[in-house]
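Asks: One letter stands for each residue in the lines below.
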Amino acid sequence: AQSVTQLGSHVSVSEGALVLLRCNYSSSVPPYLFWYVQYPNQGLQLLLKYTSAATLVKGINGFEAEFKKSETSFHLTKPSAHMSDAAEYFCAVRGAPSGGYQKVTFGTGTKLQVIP
Amino acid sequence: GAGVSQTPSNKVTEKGKYVELRCDPISGHTALYWYRQSLGQGPEFLIYFQGTGAADDSGLPNDRFFAVRPEGSVSTLKIQRTERGDSAVYLCASSLLMNTEAFFGQGTRLTVV
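Heads up: the sequence lines are chains B and G, in that order.
Using the working numbering, you'd call the opening residue of the first sequence number 336 and step up by one each time.
Using the working numbering, you'd call the opening residue of the second sequence number 4 and step up by one each time.
It is worth saying that the hints were derived from the structure and are not from the lab.
Treat each hint with caution, since some may be false.
If you want a taste of the chain G side facing chain B, the calculated C-beta under 10 Å gives, among others [unchecked claim]: (1) 7; (2) 38; (3) 43; (4) 59; (5) 62.
Idealized CB from N, CA, C, for every residue including glycine.
Chain B extracted, bound-state conformation (with noise of 0.2 Å):
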């Protein structure tokens, strides 16, 4: 079994700020992980994922994720937000290294909103 938990349904941070998302993961074998944006009216686009190489994963738009074992966590950060970074962010747990998507267990979601 597999699960994701995600702090916060809405974070609001001020442009220019860092931006941190947090994302907690369960799972009995080694995960897959995975962050998903996705703005208004449009589908889920990959920022980054992390499949057992390296702990810290760097994605699109400068965003960066770190897997950190010992914690179960594999939070989102950015150092400095963008008005263009407000949307909604889902992190996904895989818990088999084979298998397609339908094994990914998605979070529900932090709104991300970016404060002039």
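For chain B, the structure is supplied; the task is to place chain G on it using the hints.
Replies: Structure of chain G alone, referenced to chain B:
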């Protein structure tokens, strides 16, 4: 097309009616997935196709839901006797192979009144 296309983008239907939602995957992608995203929730898996066959339909909530992919490309999600609880955004995704990155469409927002 360049991406996954879903039609219609919005659908309003009356309780008890039948609806069909269409997904055009990226050309050449063999795997196709349907998800349902209810308000305030993340996407939940419904069904997965590999080619023409449904490889995993364990996420379908009940027998009112059915999906087909007869030629291994376009897929249709069919919902019979719709209920207000079926209101959600239905997302489709496709990937080149089973293990590769999936690309999502913009979804169909279904509202049952």
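Asks: Report holds or violated for the interface hint on residue 38 of chain G, using the least CB-CB distance to chain B and a cut-off of 10 Å.
Replies: OK, holds: residue 38 of chain G within 10 Å of chain B, min 8 Å.
Asks: Given residue 43 of chain G as an interface hint, is the shortest Cβ-Cβ distance to chain B below 10 Å?
Replies: With a minimum Cβ separation of about 7 Å from chain B (threshold 10 Å), the hint on residue 43 of chain G holds.
Asks: Just to be careful: measuring from the Cβ of residue 7 of chain G to every Cβ in chain B, is the smallest value less than 10 Å?
Replies: 7 Å, holds
Asks: Double-check residue 62 of chain G for me: the hint is only fine if its C-beta lies closer than 10 Å to a C-beta in chain B.
Replies: 7 Å, holds
Asks: Tell me if residue 59 of chain G is really an interface residue toward chain B, meaning its C-beta lies closer than 10 Å to one of theirs.
Replies: 5 Å, holds
The structure fails none of the hints (numbered hints given earlier).
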